[in-house]
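2 protein chains.
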Amino acid sequence: MKRILILAAIVMATTTTMAQTPAKKHFTLNDLLSGGSTFWNLQPQYMFTAWWGETPLELTVDEVRILDVYSGKAVSTLFTTEELNSVLGEKMVRSCTNLQFPYAEETVVKVQVPKEIILIDFKKKSIVWRGAIQEGASELVWNAQSKNMAYCIGSDVFVQKADGTRVRLTHDGNDDIVYGHSVSRDEFGISNGLFWSPDGQRLAFYKKDQSRIPSYPQVDITQRIAATYVDKYPMAGEESEDVSVAVYDTKTDAVVWLKNDKPLTDYMTNLSWAPDGKKLYVFELNRDQDFMQLFGYNAVTGEKDKEPVLEEKHPKYVEPLHTLEFLPWDDSKAIMQSRRDNWNHLYLVEFKNEVYPEWLSAEGGGSTSNHVSVTRLTPGNFEIRSFLGFNKKSREALFVGNVTHPLRGTIHAVTVGHHPTMRRLSVDDGVHSAILSDNGSQLIDTYSSPSVTRKVEYIDTKSAKGCNLLTADDPWAEYAVPEICSGSIKAADGVTDLYYRLIKPVDFDASKKYPAVVYVYGGPHAHNVQASRGYYFRGWEIYMAQLGYVIFVLDNRGSQYRGLKFEQAPFRHFGDEEMKDQICGVNFLKTLPFVDGDRLGVHGWSYGGFMTTNLMCSYPDVFKVGVAGGPVIDWKYYEVMYGERYMDRPEQNPEGYASSSLLHKAKNLKGRLQIIYGYNDPTCVPQHTLSFIRACIDAGTQPDLFTYPGDGHNMFGTDQVHLHERITRYFEDYLK
Amino acid sequence: MKRILILAAIVMATTTTMAQTPAKKHFTLNDLLSGGSTFWNLQPQYMFTAWWGETPLELTVDEVRILDVYSGKAVSTLFTTEELNSVLGEKMVRSCTNLQFPYAEETVVKVQVPKEIILIDFKKKSIVWRGAIQEGASELVWNAQSKNMAYCIGSDVFVQKADGTRVRLTHDGNDDIVYGHSVSRDEFGISNGLFWSPDGQRLAFYKKDQSRIPSYPQVDITQRIAATYVDKYPMAGEESEDVSVAVYDTKTDAVVWLKNDKPLTDYMTNLSWAPDGKKLYVFELNRDQDFMQLFGYNAVTGEKDKEPVLEEKHPKYVEPLHTLEFLPWDDSKAIMQSRRDNWNHLYLVEFKNEVYPEWLSAEGGGSTSNHVSVTRLTPGNFEIRSFLGFNKKSREALFVGNVTHPLRGTIHAVTVGHHPTMRRLSVDDGVHSAILSDNGSQLIDTYSSPSVTRKVEYIDTKSAKGCNLLTADDPWAEYAVPEICSGSIKAADGVTDLYYRLIKPVDFDASKKYPAVVYVYGGPHAHNVQASRGYYFRGWEIYMAQLGYVIFVLDNRGSQYRGLKFEQAPFRHFGDEEMKDQICGVNFLKTLPFVDGDRLGVHGWSYGGFMTTNLMCSYPDVFKVGVAGGPVIDWKYYEVMYGERYMDRPEQNPEGYASSSLLHKAKNLKGRLQIIYGYNDPTCVPQHTLSFIRACIDAGTQPDLFTYPGDGHNMFGTDQVHLHERITRYFEDYLK
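Residue numbers (my numbering), protein chains in the order written: chain A, 1 to 736; chain B, 1 to 736.
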């Protein structure tokens, strides 16, 4: 359910002070939504940066500048866009913001245009290398060491070597047999299907056989006569994909298949090359998703190691999401991320340090069996949000984690060894992201917080000191912005803290009673409240506040970055615990004197559409109006990889599927509920919404409905603006 | 567009006095809609009748009674249901209301149950004949003379002879090649595909080759994983059906194909057997539908006559809708219905009386060329609504026609000869239907009018006198019924009279201003106003009147029973003239002191959905709220047979298709418009509505939408009630 996050992330981590100011401008939806025509005019200033070895660069449309790490200013121009085009002999480069500097020691910049990849020596002003991109190529992956290119044409894999020689690796690709693309519906951290070895001499690639999976009948109404197109969709408990992995050797042109001995419907995830390119590690997970083994394969012969590196089991589920990251200074060791101890932590895996395996209980509720030494590096009740890389000098691993507060994401370093020590690199505020210099001794940090619109900072990772590169002004200074605050309440279990964002109406009058709308997502792998600009607000919420609504957003149990147990609360009965938490939120909301408890609305998309519909039908006297987008209605219509992780297969969990199905709750609908879906939604297929509509008709209840022909799981561009006009109108019609 | 009529005809010709009475019961939608649970409790009493030769019978659940033609009373019991079951030895017959008496001179009744056809001698109390019905048989046609049965299994034709022998006539039937079913999408008066010769010894049957026609992607969401099913849909200007006709001879078991020399995409309609079963007449129409020839074929050899019987051309279109009716007393002559002289009249065709053919202009605007003598029988500016049969004694043809008033349908007889004289048989009031005795000297007439709830009358067709068999009481006597009136205004052409129905709110107060809703259909082959009970009101209108709405219904130019020129006004530019007339109606409505001209709504289905959407977008300042059902949005998505008749092919009439397309008007939408469609609509396929929704999204306008998964072009049963609850709510939400 990866694409679900997009709407929630319309406004990315940015900062502004949201204090209300009278007699100011008002926003349109076009100002507030990423698809809006004026959205980018009102976004905080951004800075494009990159590292060339140890030199920090600012990338602008017109030129690349070298940043001075003491003053934070751009002190000189490395080269200009015009100079690049002059070398190329034509205007191929329009902006320097996407350029890459693949070689720390060479004065070379990589230019990628639709038809070509070109390496230019910006000092000598000459072309070092160029490689044409074959027409129709997709999934392109270029390796800087070998300059080999791998890509797909349709469902087949091709390699174009540095000298231009093209090799077709597969020949029988079609709608059923797909090579070189992502598999397992992008779950388990998988997002692509071509993997170069570090030296770029070997290419691992996926094969997906989806011939047994029916095509969901998606209809293209723009044809002269409407027609279906292929959309293979494996539904929970039904036929699934067969996945296998091959390795191509550019030296011998041989293709060997990894000799996996497990069912092909098992998952092969997070392919990780050993630094020498001779071994490929695969996280292997059974279809039940409760038993994971990390196995090494010989990349030359395809032979599988006799013993796994390590194993994890969990009575609920195990979910490997990250590749191994080998230590730059020791090829026999790697960093692994795992939630075996409940929180997502970094572990040091020492491949050469074999231990006698035994199954031991882990803090996350499962058990593990290590066949080599595995040492946990990060301590405490927090989650690694993202691994940034290594400081090769200090031999530390750098990461962003919610170490100091669940809503934050700060930058930390931990020493890699058996007695790790951790230290904070960034300010203890907000949500950070960073790019590291080549050896990791320096980084550029971009962050925002409730009090910081956006800042870009240079940090020396040894001293944790640096300088400011950019402090963005509040782009909304002339606008009437609502007050946004955050806090926590207890979950329905009486123990767990849940965090909320609350937005008060513009021109707030504490003596008035306002209608309130709860925005909800509620599912795993996403969160809606964090300590970034405006507590991670969505643009539409500002619009609603402007129209006089209170907006309330609460991350219930099941949501992201709060550990495995928190996430697993809804296991096998999606909806129940999440709704209980949301009702705790509503009860808190009702205690606020300015909230009119008789005018409560709810809105959410995808999992949030499931939650919205569920809340409207399960608590018909609480919510008067709801708008549910692209909802899951019955988990049997959702896909194998995500669905079976949390709900098992329908035959294994008939009660859970039945009790979480909204088809049986259609009869309870009382308030006004509009369901909106992309007519061509490939994620929550239209069968969900249409089955619910049918159930309501049969039960004599009256939901409202809308669809966006041609759109998928989310709406973008002008459709996004149209959609939110529509959502807003519904609350205006029935909640005001 | 046959199925369009169903909603308009929810309440069939019945009568009641609609005078308003205070302090009475109120209707629910279940009381007023045919799909409602209590509908039949509130319908006027009905009488099931039949003729056994010259004996009039009343059929009840429990028995068959002989009616006395002097007193109008049932004087004796012919037999009872119990007696039939006793003969059959099991309880096969549940009611006598569907029994048939195929032999005038024999004491035999025909019982048809799902598995069998049985002839019982009700006097001797014995079974005369029985024939099993093969499992899976559809399209069953039984011939009383031969007792042969013809039917289809799937797409193939079978004959079961009287002795039980089964013969399979075709073997290659499938989704593409279909034998024995109706062709040409039920246009041109075609409703079946199997045709016994009068003596039941020869069977003519259709073959339809639709292999070139794409299947519209209809989706069945009730499957475990939604799946498409075959729905061959020929869109205007695109590939169409190939139609041919074969004759099977039960004596020789030979099948011969009619040797048609025209393109197979031409139409072969209204197959008419000559009385001797040796010749089959076919009305042949080119795909352009502007040139019709009536041809005879030798039923033994399949040879086509060299000369046509007669020909009709029209610069707009010719539309043969009726079979020939041969005179019982002269096998060489037949009655034909035609609108060659503008009005639908009866013509005597004398096959043996050859004349020299020449093309002559006809009153309908086209031209005709007769190769045999053709004499018009009925005089005047009226239309034959239905041909009833012949009085064999007086040698008259009997029919229902709107002879005395456009809104009426009265029963008349006309002598069949070169100097015809016509006389009226029924009272000059209301809308009648009738069944004739075997020789046509008697009939039973059922009618209603604005002042008659329902009457059933016996009429001696010679004297035009008879007696009353039933006068139904007003079933709504205890209910608060609104006042319903009718009148006429001038069309936009300033000349033509257009008739309307107007319903005032229950508890009408002349000093108040009421919101008004226009109900509209507007297309050919249907009418909404006639002089039957309540001026042909629809139940929902009564419900709306109860809620305080004025309802206004006007039959614009283009609608039924007003002659060819009236119908052809919209030719090649559907929508324009029809809307002009509706706006004349609105202007009249606005002159009424009790109508609030600022609160006007509009509702219609199918062609009426096209009209509603069109009116909302073409006259955005007139209508505030509209509900359009199963609309045509662009005629290029409508089917070949109906669509090309009125609009020609898109390549022939690009301007007409463009200007009538609502896709270009989506941008004008201003008021609230809800479009509702059957998710599996096979008539106005969903591409219409979905394309409009897409056009609105692109244009930034905001229609509302609903769909009924699993339903086709119309909703029945509880879905019909749900639908009208929905339609009503929309007007209550936005028009009140």
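Because the hints were derived from the structure by calculation, they are not lab data. Given the structure is predicted, the values throughout are model-derived calculations rather than measurements. Don't take every hint at face value.
[Stated by the list, open to error] Straight-line alpha carbon distances no greater than 30 Å define the calculated BS3-like cross-link-like pairs of lysine-lysine that follow:
1) B:K251 x A:K670
2) A:K736 x B:K736
3) A:K512 x B:K304
4) A:K25 x B:K667
5) B:K624 x A:K624
[Said to hold, decoys possible] Chain A residues, not near chain B, derived (Cβ > 10 Å throughout):
6) Q134
7) G365
8) F387
9) T415
10) P593
11) Y679
12) F706
13) K736
Glycine included, each C-beta is placed from N, C-alpha and C at the ideal position.
How the hints compare with the structure:
no. : hint            : in the structure
1   : B:K251 x A:K670 : violated (67 Å)
2   : A:K736 x B:K736 : holds (17 Å)
3   : A:K512 x B:K304 : violated (87 Å)
4   : A:K25 x B:K667  : holds (29 Å)
5   : B:K624 x A:K624 : holds (26 Å)
6   : Q134            : holds (34 Å)
7   : G365            : holds (33 Å)
8   : F387            : holds (38 Å)
9   : T415            : holds (52 Å)
10  : P593            : holds (31 Å)
11  : Y679            : violated (7 Å)
12  : F706            : violated (5 Å)
13  : K736            : holds (13 Å)
Figure legend: structure checked against the earlier numbered hints; hints not met, in rising order: 1, 3, 11, 12.
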